[in-house]
Structures are given as C-alpha cells and as structure tokens.
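Asker: Residue numbers (our numbering), protein chains in the order written: chain U, 1396 to 1889; chain G, 125 to 830.
It is possible that part of the hints are untrue.
Footprint (simulated), chain U over chain G, 3 or more residues, beta carbon under 8 Å [said to hold, decoys possible]: (1) 225-236; (2) 388-400; (3) 410-424; (4) 750-758.
The following label-pair restraints were derived from C-beta to C-beta distances [what the hints assert, rightly or not]: (5) Arg758/G - Ile1795/U: 47 to 55 Å; (6) Arg758/G - Glu1587/U: 25 to 33 Å; (7) Arg727/G - Asn1744/U: 49 to 57 Å; (8) Asn337/G - Gly1429/U: 38 to 46 Å; (9) Asp1649/U - Leu722/G: 22 to 30 Å.
Calculated pairs, PhoX-like style, for lysine-lysine (alpha carbon to alpha carbon, straight line, at most 25 Å) [as the list claims (entries may be wrong)]: (10) Lys552/G - Lys595/G; (11) Lys132/G - Lys271/G; (12) Lys684/G - Lys592/G; (13) Lys1533/U - Lys684/G; (14) Lys1580/U - Lys730/G; (15) Lys1533/U - Lys1580/U; (16) Lys730/G - Lys552/G; (17) Lys695/G - Lys592/G; (18) Lys439/G - Lys473/G; (19) Lys1711/U - Lys592/G; (20) Lys131/G - Lys1580/U; (21) Lys552/G - Lys684/G.
To be clear, the hints were calculated from the coordinates, so they are not data collected in a lab.
In this text the structure is predicted, and so the values were computed from the model without any measurement.
For glycine and all other residues, C-beta sits at the position ideal for the given N, C-alpha and C.
Spelled out, the chains give:
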Amino acid sequence: MSLTRPLTLTVAALGGQGGGVLTEWLVAAGRLAGFHAQATSVPGVAQRTGATIYYLEFFPDAGDGRQPVMALMPSAGDVDIVLAAELVEAGRMVERGFVTPERTTLVASTHRAYTIDEKAQPGDGRLDPLPLQADLAKAARRLVAFDMAALASRERAVVSPVLFGALQGCGALPFPIETCREAIKRYGLAVEVNLRAFDAAVVAAREGVKPDVPSAATIPTVPAVFVSRLERYAKPVQTLIAHGIERCREYQDDAYAATYLERLDAVVAADPTGSVTAIMARTLPLWMCFEDPCRVAQLKLSPGRIAGIRRHALAKPTDLVHVREFLRPRVEEIAGLLPNAWGRRVLRNARLRQWLRRFERDITLTSTSVTGYLLLRGLLFLRRFRRGSLRFAEENRWLIQWHAAVVTAAGRDADLAVELAECQSLVRGYGETIERGHARLQKVLTLSSRAACYTAANIRLLREAAERDGDGDAFEQALARMVAGGPMSGEARL
Amino acid sequence: MAERSFKKEVELLRLGDGQTFEGETILAVTKALLQAGVGYVGGYQGAPVSHLMDVLADAEDILGELGVTFEVGASEATAAAMLATSINYPIRGCVTWKSTVGTNVASDALSNLASAGVTGGAVVLLGEDYGEGASIMQERTHAFAMKSQMWLMDPRPEQQRVVDLVEEAFRLSEASNTPVLFMLRIRACHLRGHFRTRDNVRPAFTARDALDNPVRTYDRIILPPSTFAQEKEKIERRWPAAIEYIERRQLNETFAAQAAPVGLILQGGLYNAVVRALERLGLADAYGDSRVPLHVLNVTYPLVPSELSRFAQGKTALLVVEEGQPEFIEPAIAAQLAAEGLPIRVCGKGFLPRAGEYTGAVLLGALRNFFKEYAPHLLPPAPAVEVPLLPHGKLSQRMPPRPSGLCTGCPERPLFTAMRLLERETGKLHVSADIGCHSFATLPPFNMGASIMGYGLGAAGAAGLQTKGGKRAVALMGDGGFWHNGLTSGIANAVFNRHDDVTVIVDNGYSAATGGQYIPSSDADAGSREARHPIEAAVRGVGVRWVRRVRTYDIRATLKSLREALTTLEKGPKVVLAEGECQLNRQRRLAPLVRADLAAGRRVQKQRFGIDEAVCTGDRSCIRLSGCPSLTVRPSTDPLRRLPVTHVDQSCVGCGVCGEVAHAAVLCPSFHRADVVSNPTRLERWADRVRQRVLRLLGARHLEAA
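If we strip away everything but chain U, and leave its shape as in the complex, we get:
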C-alpha cells in the first residue's frame, strides 16, 4: 500500500473498555507491518469514568532512516479511521468533525453506555438511537456498526479486541490479519480470549451481523372463562389485555381480572377509535397491581428468582448464594396493610404515628434463609385480606377518579383521554414517591375545571416534566405557568 501522507486513526473509548491496550496492539501491528507508528492519548480527568481519546498515525517505513513528522492530535476533516467503542461517543466524533464523508471509515459499536443525565430521569431520558445511527451512516464515508459489546460479552472479552477485529475485517487497515493477531499475542494480555473476540469480529465485519430480532411476543394463555371475553376486543390489543388479565390473576384472583375487564369495557364503550383502549389496556393493570408489601413479597418469592440472581452474579453451580433484601417500611406501609378503618385510625392519630416511628427499622432480610422465607410468606399470606386493607382503599379511590376522568374525556377528546391514560406513570414507586405521585395526579385531574388548561398538550407537558425531573419542581412550575395562562410552548419545556 503506498501512502503519501500518514494514515490517521482516532479511538474514542470509555474507561475500562481497553482503549489503551487497543492502542498498544495497533502500534505493534503497524510496526510489524513495516510502518512508522505513533500514538498518544489525552487521559487527564477524563480517565475517571469519562471518555478518552487516543490518536494514532501510521506511515510506511521506506527503510531510509527518514522519520515522518506525525501529528499529536486528530484534526477535523483529517481522520481516516475512527473507532468508537460506544454509540454516543461515535456521535461525538461526528460532532467534533473527525468523521467526514470524504475520507473517514467509522467503526462503531451500537451499544449504549448511558450518561448520567440520561439515566437519572424518572422517565425515559435515553437518546433515541435510530436517528443517530442514520446520521452516522451519512457522516462517514463508510460505516461499520454493530453491537460489539454483545459480541464481546459472548466471548467474555471487553470491547477493544472486537473493535480491532471489526477494523481489520472491514479492510480499512493496511495490516494483514496475521500481523494483527501477532500483535495481540506479543502483548500477552488474555491472549486466548482476545484472539477469539478478534476473530469473531473479523467475521462479523466481513459478513455482517444479523440484528437481534426480538423474540416474537408470546401471548399468554388465559383461563377458559376469559377466552371469549378476550376475543371481543380488537385484535391488536388482545395480547396486552391477556397480559393484563394474567397480571391481575397473579396479583389477586380471577375476580380481580374480571374487574380489570369491566373497567376496560367502560373505556371501550366511550372510545370509538380504540386509541384510548390501547393505552388503558396497559396502564390499568399496572396501577391495579400496585406494589404493596404483599406484592413485593410475592415478587421476591417468584419461581426462578434465585436462579436469575445466580446468573446475574455469575455464580458457578458449586457456589453457594445467599440473597439479602433491603427493606425500609415506614409506619404508613404497615398501616396500609391493616383493615381500612384501623389503618385510618392509626394514621389519623399524629401522636400515635410519631410514637410508632421509633419502631421503623432498616431491615436486611435473607430470602434464601428459612426465617427470611417465612417472613416473606407471612406477608404474602396477607394478600387474601388485601381488598379490605387501607392501602387498597386508598389506591382504589385514586384509581377510580382517574378511570372516570379517562372515560369522560374519551367521549369528547380522544387525544386528551390518551394523555390522561398515560398519567399512570405519575403514580409509581414507594413511600414518599408514590404519595407525591398521588398529589400530582390530583392536580392534573383538577385541571378539568379549567377548560382552557385541560388539553392533551398540557397534560403531556406535565407528565413529561414529572418524568424528566426527579427531585426538582419542574412539574409544579409547569403547572403554575399553565394555571397562570403563561406561555406553554418552547421554553416551558425546560
């Protein structure tokens, strides 16, 4: 391969992805292949959990002792190869101008390591990956992209040998495959694993990777009594409804599932287009199966749970695994288990409530021990009294109001009803979180007395504010602006 100017290569990696080792391999491979090779990096603060950029240049060694002058940093519009060990880092390379359609081959892993801003939101703060992938294809002369973290994890390696293999496999690197393998061998770090991952990636880059097709959603089978009722609904929502039925049956009993369907029928009757039903089929059972202590106990004792935990913890069959649960019930949660009238009495008495607080404890319970199991079983046993409990009455009070608001809206304004139906997401969590959720839902529902404010757009805005801002008061501010009749577009979305 004849080059008149250096081949320039940038690696964008995150801490722990092996970017440094990849750089060493590339330098070694380049030298073995008869190139001058130079590499440098900017670790600095970025080293700690941030992103690190490595920069390499290669130039054929003419053997005359002359040293080429190589740059120490990538320059916009002057990078031949960009290796990105994560999708957003690939995007960042484009943002910085290192990926250009004239010359850059971009080899990128499509998996995500979410940033703190994305993962701290109570809703879904994740960047939409599809437009980004389309952008990458447009930005680069050539794009080689697949989920390299998945391949790496299959080979029990980190992502760096996969990037190396994908680069070699796509043909943009003027070093023969055996030279690259030799570089990995000589470096001596986990040689076997890294070679396996490298080889698999070479093949993947050459032959392409079939995207993982999500396994077709299985429709749960429902008991015979529900089959005919299920068939009355529109075909597309039947799967969701079947899940809803099963959820309610697992949570309580057949009668509870029947209640679910009755509530859903009220929506169907008022919803000619079916758009509201499609949401309520999903959000109704989520709320109806709210997470009270009995439900938590049920989930902690669900079949196969310990096996799943063993897999997640990478325990070997011969290892023993003890599972500890971290519980911190407040007086309110305990009182919620009591019969409605008793619980109400306990909570209404402020002094009693305060006195009971002293019994609140951090509970670390071992669900794999006999006592731990029996405690959870005891909680689960209380399920049969659930319908009479304070918590059940409270949740139902809210749920019925919400359901009625959705049904009423469905008859007049389907968009509004859809947004209201999605507002189940306000009412999630435990302890103070769900209390705040109830209060917020109430505020949303009382908007109905102000016709001008009670619009689909406004409800959506409020829900999104709550889903975006966990501890702050974005929801309250948005609501205040709405009630004051202030601007509701653009800047209110802050």
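Got chain U; can you put chain G on it based on the hints?
Answerer: Showing chain G alone in chain U's frame:
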C-alpha cells in the same frame, strides 16, 4: 502503590550505549535524566508527570546503584526547595510537577532559586496541561519564566530531540547559572516513540562530597545587598551567557530548504501540528520538508535576537505561532525587528485565536489566511472541494455530555450521598470544594461545591464565611491536599482563628486522583517511605477538639456525624474524617489475592448487587443519590411497561452503597445483594442442603428454575 506498575518500564532505564528505547516520552525523559548524570530528583505527582514519579519510585534499585537521590515531595514547594542543593554544589538536580498549578505552589522557592543562581544544572520538568482534557485552569508557564528570569524550553516533540535537549537543559543551566524550566505538553508526554540510548552516568559530585566540604558564600543568600547584586547579575551576566549558549549549541532549529518571502516562528511543542497544517495546504511533505521556512523555538525564553534577525532577512512577513495568552514572543520579536529597522510585518494573534488550544483545524485556517494575504503564490490552486475548517458534522440530536465522575464502588460516593440526604434536613449548604477525586462531586448527580481555590485549600476557601449562629459552611479536603498544605492552611488556621465551621477530610489512603500514590497517612507498607501516620493525630495535634471518624460506606453513621458537626454547640472547627479505601487501589490490591485463593480452592466470598426488575418502578432516586457507573437503565422486559427499568451491570464491585442508600434514603425494596461463596466449607455445604430441603418442604418456589 501507584495505579500503574512500571516493573517492565524500569528495565528500560538500564539500557546502555547504542540500544533502542521504545515507550512514552515521559519515560524517555526519565532515562535522559540518568544519562545526564543527575544527582537528585524530586517532585510532586500529577498528570502528565505522574508516570515519571511512579517509574522512579519503582526504580529505587537503579537509582541506588547510581547514587541518585529520589524524593516524593510533600508539595511542589518542597520539590522546588530541593534544588537549593544546586546553588552551592556542582550537582545536577531535576524536579517535576504539573504546571501551572504546581509552579504556583513552588513559586516562592523558584524565585529564591532564580535569584541566587545555580552552580549545578537545575532543571524543572513541567507537565504542561493546556487544551483538551485539561484538568486545571488554563494559564501559561511563560510568565513565570519571565518574571523570575528562568529559561523556558518547549522542545519539538520528537523523542530523540527531547532526550538530547534534556541534557542540553542541564548544560544551559550551568553555562548561565540559571534554573531551566523544561516544559512538556500533555500529549507529548504520552507519545509513544523511540530513541538511541546511552549509558547512565553516575553523578561526579555527590551529596557526601557536599556534606564533607560544605560551601556557603554570602552572595548566594537572599538578603540585601546580595539580592541587588543578583538582580543585576541576571541581566548582565546570566542572560548573555544563556543567549550565547543557545545560539552556539543551536538549541533552536531553522528549517529552510528554500528562500521564501514569508516564514513561521513557532514554539517547539507546536512543530508537529504546524507541519501537518502545512502538509494539508500542500506546502510540506510527510517528512516535514517545508516550502515555507520554519524557525522552531525549542527555547522560548529567552529569545536569541541574532537568530531572529537572520531568519527575518529577506522576508516580508512572519507569522509567530504562540499558543496561550497573553502573547509574549510575538510582541518581543516585533519590537526587536522594528528596532533594527527591518521592513517586515510580524503577525500572530489575529490570524490565530488569542486564547485556546491550537488544534489542527485552527492552525490550518490561520496558516491558509496568512499565506493568502502575504504569499498567495505559495498556495496551490484551491481544491474543487474546500476542506472544511470547522467541525461540520451536524447531528439531528445533541449528544448528551459525559462528565467525569466517581468510580464504581468509590468510598466518596456514600459521603456525598449522605451530604445530599443532610441537605434534605438543613436545606442547601455552602460547600467549599477542593482538588482531588472529590471535586467530581461538583458534577452531576451531586452538583455540590461552590468554589475550588486550589489543592488543600478547601477549608481555607470557607474562611471568609464565618458567622455566629446560623448555618455553618462545609469545607471539603482530600487526604492528599491535607498533607500537601491543608493541615496548616486549613486546619491549624481554623483553630487559630476560632472558626466554627465544618471540614470533611476524605481519607481514602492515597493520592488517588493523581494515580494512587502513597501519602503519609496511607495504611500500608510504603516500601522505602514511612506511612501510617493517622490524620486524626495530626488534626488533634494542631488543636482541633471536635473530631469524628466515620466509615463512609456506613451512610447512617456518616449522616449522623455530619448532622452533629453542623449543630453541636461545641466551639471551634469541627473535623469529620470520612474514611474508605480508594476502590481502584483496593481492587488492585485484592484482585490477585482473590484469584490466588480461588485457584487454590480456598473459600472466597464476593458480593454483587442486583435489582428485581418487577419490583423496580423506575423512579431513579437511587441513581440520583449515588450516580454509580454500575447503576444504569435498560429496556423493561415487561410488555405492560413503557419506561426502562433500573439495572446493576456487571461492573458492580459489591461495595454495599446501594443497600445503604435504600435504607438511609428510604428507597424502594428493589435492591438485593447476592453473597456468592466460592469453595464453601463442608459445614456450609451441609447447612445449605438442609436449608434447601426445609425451604422446599415449606413450599418455597423462588429457588426453583423458572
């Protein structure tokens, strides 16, 4: 124990005549010091010169064989003061630190050293952290050189050249009796290259020689009238000597294959970037053969007037490529050439931005504009497609930022979680932050800390906020900063001035942010250094009466101590020692032991946290209260749920904070901890079998396969 072990690299220091060194420049420079017969080396760690300190720390044998003294300074001031040896004795000394922060700390000693002048070569190796990825404020070292009359070198980053110039720096220092600042930019430090080595040289004159025949002359003392004499000597004798040496030894380089009406004068460190820009403009080839003459200043202070006059001859315009602000070189050259009456335009800032890093794109644009104006005939006909100058990648969405943060399992995380929980009770607090890993608490998700005044100055930074009654300020300080100067500037000062506020000292056992070097309070056998001096004893020793030690992973206890510190009626400064071993170092220390135990079939217990997907409702309080990198989100597998669920990924080290947070912050019951026992004892296995049987009899189904 430093973050990286340099056992392999250390062997490179033994290479002899005619062999080839291959590795990072910062290590090449270390080898160059030994080749130059250095007698003593000192410094303070910090990127990008941490590796130099770490290598020397790992190379005690070699240093011992050569009779070289090596010291890890308590601060840059300590290191700079070490150079006092070279004032009176012909011993070459080198000290190193991160600039400009370290140079600030060292300034007192440096000024005194520069005034007194040196007999043995004195070189300060500066890791210059300017531009992308920098972790400090952006300033120039140049001004330090000018104000104290020390010489400043900024070598062209070609490894052989750098190594040769290290030796020249010592000679220049000796020829002009002046300390030399040898600046290495961060990328140049981490550059992998190679050079021909020479044998190491034993210092001819040793500390023993000095102590056996002590020398003192009053004219080296910083008291009048010597100071006035020294001030004159700097200008009348040392300066001309330096200029003569630089010119004679051709420390600066002129590359001029052919005559041209324009020329470039540049800092040595920018050479590669400038050549690349010329190459992209079609004015140089890959080997750096340029059609435009270049004058490369490997010594950026002082300038050599005769060299500049020669270079300017026959040219109509010069472009001075000088990174950083304010510019010093450009106006000096302009003034000199104007005084000589040369009809030449000296350009610089204007074509180039006044501030900020000179990246490839910046230089490309500036050079093209300069040539367009002063030598348009040089530029090749414009290509059909203009190479874009600015990043032109436009994405349909903005990429979310990825700020630095605390590592997985970091002991500082639960401290800041506790402080966040404390703020729920007290309202927002004024937090005076400090330099170190804990400064990441100023970033999401903690967003805590109002100011950072310098290393170890967290407590001092709150000194102006003393009130009687009311809320107290909270100052942070790391153990590294504490020993650097915080003990006196922060703690003793607070006692003396009867402060009533709170200082939290983060004791993680190492100078963690700079790579995990030992400090006086490290709980470890620190080899040839003496550690295990507890911070508590030091703090009490300077008069603090209210001291609490807490294990940060115990969030409730930490919270309680912090609450008490903020509310106690006891007078005087309150000091909370927040203890927890740096997780990076801990894992490095333990991982080999665990591997060995597992291989030998010994019992090993590990912890792993997890989240029950069905129990998690996705509120993310846990993420906002801890921000652990291993806590992340993933799509829900529940067909009814739209929002992603929270998830603990495989990087979890089982530090326990998730469980602590779930309790202390009254979070959800989703977290569980798996205690995995490998190679269990026979008794354990037996007990487990019994337990499983009983559980099955009781109808437990969670143990079954799904």
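Asker: Taking the CB of Arg727/G and the CB of Asn1744/U, does the distance hold inside 49 to 57 Å?
Answerer: Check passed, 52 Å falls within 49 to 57 Å.
Asker: Okay, the segment 225-236 of chain G and chain U, do three or more residues pass the C-beta test at under 8 Å?
Answerer: violated (count 0)
Asker: When I compare C-beta atoms, does the segment 388-400 of chain G have three or more residues closer than 8 Å to chain U?
Answerer: holds (count 5)
Asker: Does the alpha-carbon distance linking Lys131/G and Lys1580/U stay inside the 25 Å limit?
Answerer: Between Lys131/G and Lys1580/U the Cα gap is close to 20 Å, so the pair holds against 25 Å.
Asker: When I compare C-beta atoms, does the segment 750-758 of chain G have three or more residues closer than 8 Å to chain U?
Answerer: holds (count 5)
Asker: Given the proposed pairing of Lys1533/U with Lys684/G, does the C-alpha separation stay at or below 25 Å?
Answerer: violated, 56 Å
Asker: Between Lys684/G and Lys592/G, is the straight-line Cα distance small enough, at 25 Å or below?
Answerer: Holds. Lys684/G to Lys592/G sits at ~22 Å (cutoff 25 Å).
Asker: Next pair to validate is Lys1533/U with Lys1580/U; report whether the Cα-Cα distance is within 25 Å.
Answerer: Outside the cut-off at roughly 36 Å; violated.
Asker: Just to be careful, I want the Cα atoms of Lys439/G and Lys473/G compared with a cutoff of 25 Å; is the pair within it?
Answerer: holds, 19 Å
Asker: Between the alpha carbons of Lys730/G and Lys552/G, is the straight-line distance 25 Å or under?
Answerer: violated, 38 Å
Asker: Please test the hint of 22 to 30 Å on the beta carbon pair from Asp1649/U and Leu722/G.
Answerer: violated, 50 Å
Asker: Given the hint that Lys695/G pairs with Lys592/G, test it: the Cα-Cα distance must not exceed 25 Å.
Answerer: holds, 10 Å
In this structure, the hints that do not hold are numbers 1, 5, 8, 9, 11, 13, 14, 15, 16 and 19, in rising order.
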